[in-house]
Amino acid sequence: MTPRTTGARRRFTLALLLLAVPLLLALLGPLCAGEPGPRAASFTTGGGHWAGTDFVGRDVWRQVLLGGRPVVLTALAATALAYAAALPLGLAGALTHRRWLEELLMRPLDVLLAVPSLLVVLLVAAVLTPGAGGLALLVALVSIPDAARTVRAAVAEAAASPAVEALRMQGETWWRVAVGYAGRSALRTLAADAGVRLTGVLYLVATAAFLGVGAAPDAADWAVMVDRNRTGMFVQPWAVALPAVLIMALTMGANLLCDAALGRGPRRRRPDRADRTARPDRPAGPLRPDHSSGPPHPAPRPGPLPGPRPDHLPATDDATAAPGAGRTEKSSP
Amino acid sequence: MTGLRSWLVRRLLLGVVQTVAVVLLVFALTEALPGDAAVALAGDQPDPGRIAALRETLHLDRPAPVRLGEWAAGLLHADLGTSLTSGRPVASYLAAGFGPTLVLTALTLVLLVPAAGGLGVLAARHEGRLADRLISAVTLAVYAVPEFALGVLLAAVFALRLGWLPPTAVGYGDELLAHPAALVLPVLVLLARPVCSLTRLVRAGMIDALASPYVAQARRYGIPGARIRYAHALPHALGPAAQQLARTVDWLLCGVIVVEALFVIPGLGTVLMNAVTERDIPVLQGLAVVFGGTAVVLNLGADLVTHRFVPRTGEAA
Numbered sequence: 000m001t002p003r004t005t006g007a008r009r010r011f012t013l014a015l016l017l018l019a020v021p022l023l024l025a026l027l028g029p030l031c032a033g034e035p036g037p038r039a040a041s042f043t044t045g046g047g048h049w050a051g052t053d054f055v056g057r058d059v060w061r062q063v064l065l066g067g068r069p070v071v072l073t074a075l076a077a078t079a080l081a082y083a084a085a086l087p088l089g090l091a092g093a094l095t096h097r098r099w100l101e102e103l104l105m106r107p108l109d110v111l112l113a114v115p116s117l118l119v120v121l122l123v124a125a126v127l128t129p130g131a132g133g134l135a136l137l138v139a140l141v142s143i144p145d146a147a148r149t150v151r152a153a154v155a156e157a158a159a160s161p162a163v164e165a166l167r168m169q170g171e172t173w174w175r176v177a178v179g180y181a182g183r184s185a186l187r188t189l190a191a192d193a194g195v196r197l198t199g200v201l202y203l204v205a206t207a208a209f210l211g212v213g214a215a216p217d218a219a220d221w222a223v224m225v226d227r228n229r230t231g232m233f234v235q236p237w238a239v240a241l242p243a244v245l246i247m248a249l250t251m252g253a254n255l256l257c258d259a260a261l262g263r264g265p266r267r268r269r270p271d272r273a274d275r276t277a278r279p280d281r282p283a284g285p286l287r288p289d290h291s292s293g294p295p296h297p298a299p300r301p302g303p304l305p306g307p308r309p310d311h312l313p314a315t316d317d318a319t320a321a322p323g324a325g326r327t328e329k330s331s332p
Numbered sequence: 000m001t002g003l004r005s006w007l008v009r010r011l012l013l014g015v016v017q018t019v020a021v022v023l024l025v026f027a028l029t030e031a032l033p034g035d036a037a038v039a040l041a042g043d044q045p046d047p048g049r050i051a052a053l054r055e056t057l058h059l060d061r062p063a064p065v066r067l068g069e070w071a072a073g074l075l076h077a078d079l080g081t082s083l084t085s086g087r088p089v090a091s092y093l094a095a096g097f098g099p100t101l102v103l104t105a106l107t108l109v110l111l112v113p114a115a116g117g118l119g120v121l122a123a124r125h126e127g128r129l130a131d132r133l134i135s136a137v138t139l140a141v142y143a144v145p146e147f148a149l150g151v152l153l154a155a156v157f158a159l160r161l162g163w164l165p166p167t168a169v170g171y172g173d174e175l176l177a178h179p180a181a182l183v184l185p186v187l188v189l190l191a192r193p194v195c196s197l198t199r200l201v202r203a204g205m206i207d208a209l210a211s212p213y214v215a216q217a218r219r220y221g222i223p224g225a226r227i228r229y230a231h232a233l234p235h236a237l238g239p240a241a242q243q244l245a246r247t248v249d250w251l252l253c254g255v256i257v258v259e260a261l262f263v264i265p266g267l268g269t270v271l272m273n274a275v276t277e278r279d280i281p282v283l284q285g286l287a288v289v290f291g292g293t294a295v296v297l298n299l300g301a302d303l304v305t306h307r308f309v310p311r312t313g314e315a316a
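Residue numbers (numbering that gives the first Met the number 0), protein chains in the order written: chain A, 0 to 332; chain B, 0 to 316.
Hints are not guaranteed to be accurate.
[To be verified] Pairwise CB distance ranges (calculated):
1) A/Phe233 / B/Ala130: 50 to 58 angstroms
2) B/Ala180 / A/Arg187: 47 to 55 angstroms
3) B/Val137 / A/Leu23: 18 to 26 angstroms
4) B/Arg49 / A/Arg187: 55 to 63 angstroms
5) B/Leu11 / A/Cys31: 57 to 65 angstroms
6) B/Arg4 / A/Pro107: 24 to 32 angstroms
7) A/Thr128 / B/Val19: 26 to 34 angstroms
8) A/Leu186 / B/Tyr220: 40 to 48 angstroms
Quick caveat, the hints were computed from the structure, so don't treat them as lab data.
The C-beta atom is built at its ideal place from N, Cα and C for all residues, glycine as well.
The shape of chain A in the complex, shown without the other chains (with noise of 0.2 angstroms):
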């Protein structure tokens, strides 16, 4: 037990370290950046400038303490927004009786979902020109339906206890019973989403900004500096691999941080938790019952198998789930 907790442990400092350089620097260089020097000639090593300039004859390092900004406020507005809209549809797609709204409110999800979001956010780019709020806002909404389908599949479960009938039954009120206690049960596995969901965003932010898109052609921003010093990459390589390796850093950091706060949470059985279908577990039946050449499969004794798995015995939880709570669970990775 002593050498997993450690590791754990590791793994969490590992992760904190590598998402604090970037995420510091992002949030801080814009304060000791400095006022900007003369321009210098492009694509040059030293005279000053111990990162080189970058295209247009700028400090890489000055510019490097300035791009960070964009990318994580970005990201953070994005998730934000795209909660402030999943939350309340996810909410009343698990908590309502009327299966007509909830077909209204969650259908029109799936049928966003098949289409990729760096393609939506391309084609609106295409029209529109946005700056970095709109970009920000153009994240959000193609991140919704994936975000909504988990807020409901999380709600659902646990509006299907029967604390929430007890609750309904005693006339409490749709605001106590929704948000009291159904939202505020699903609260963890809304928080472990959100870091997923985080790190997703931060990558489309990224990307976009990369193929030019919510940004200005000469921004100071991460991904930005990436696409416009490539030309000079042979001559001088920081300015292009300072930023790359800034926005690498933060995802991964960002990717492990909630990977090891997810693995330290006293229900989750795995830490890979996150990247399996979350379907409930089951009793562990013959898969595909169609194969003849596999072993017969006895009636369950629970006695002489090795390693018997208490998780698995009788799930009571299954047969209480909400009516619709398996359909979220299909698809959703």
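Since the structure of chain A is already known, use the hints to place chain B on it.
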């Protein structure tokens, strides 16, 4: 069986609705342009002749439903319209970019499944030991990294510093397959994210399967370990992975756009980005319909495959 059939019908219907939604969404693009689309597209120096020409090409003098009908009818006949900037038919753009993109995606998919399956099984067999910890940590870390950052760094190390591989595919044009060295880095970058997610899924599924009573029973019967792993446990682990493969297609489409921009490969992604910068709406619409339609069809296919492997997932669908 009725449950299966009604699930099938509903899933196919959803696919049709999704396709229609893609077409509508893409058509809405021209409508979303502020003011008159022709004026907006003509750019900073509006030239009356150009505006008139644009209006002519886009048929803006007719009401929107009529234009939608005509455009959709054209789609059914594989007529995607003509480009605003060059006057060439959109289909010729698609045909030109199709080859390189197909080479990239096909290579990636062919390498993806065995790589992810092998790594996942390897990690599951050594659960908790060094190999597993290494694979888990690396897949988790690389999973979230944007392709462009990874690609630029790989190019900096392997192409510029070590000089092993060409940094871009400039000059190879359509003959990518004749220059395999130029394909190594793009395919590697495209593979990175999907391999990570699939490996983790296969690993988790394998660990579940290997700990299940039916595998224990098979062991007691004395069935060889390799046969248990690959004939009994692996199909169980592949069910969720097939679902994830559909999501991978979404990433591949995104990845292809980035990778083609990064390594200067003249595929559909490059055509798309050019259309975006030139605001060439008909080309954009045609590409979007093709990309969106592909995604919808592949999602549908993956759902059907998953349904075949893990029949119970469809119970509540």
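Checked hints:
1. Taken as a hint, the range 50 to 58 angstroms is violated for the pair A/Phe233 and B/Ala130, whose Cβ atoms sit roughly 38 angstroms apart.
2. Distance hint for B/Ala180 and A/Arg187: a CB-CB separation of about 49 angstroms, consistent with the stated range 47 to 55 angstroms.
3. About 25 angstroms separates the C-beta atoms of B/Val137 and A/Leu23, a value consistent with the hinted range of 18 to 26 angstroms.
4. Between B/Arg49 and A/Arg187 the Cβ separation comes to about 58 angstroms, which falls inside the hinted range of 55 to 63 angstroms.
5. Separated by about 59 angstroms at the C-beta atoms, B/Leu11 and A/Cys31 satisfy the suggested range of 57 to 65 angstroms.
6. The hint said 24 to 32 angstroms for the Cβ distance between B/Arg4 and A/Pro107, and at roughly 25 angstroms that hint holds.
7. Between A/Thr128 and B/Val19, the C-beta spacing of about 28 angstroms keeps the proposed range 26 to 34 angstroms intact.
8. Checked against the hint of 40 to 48 angstroms, the pair A/Leu186 and B/Tyr220 passes, with Cβ atoms roughly 46 angstroms apart.
Consistency note: the structure conflicts with earlier hint 1 alone.
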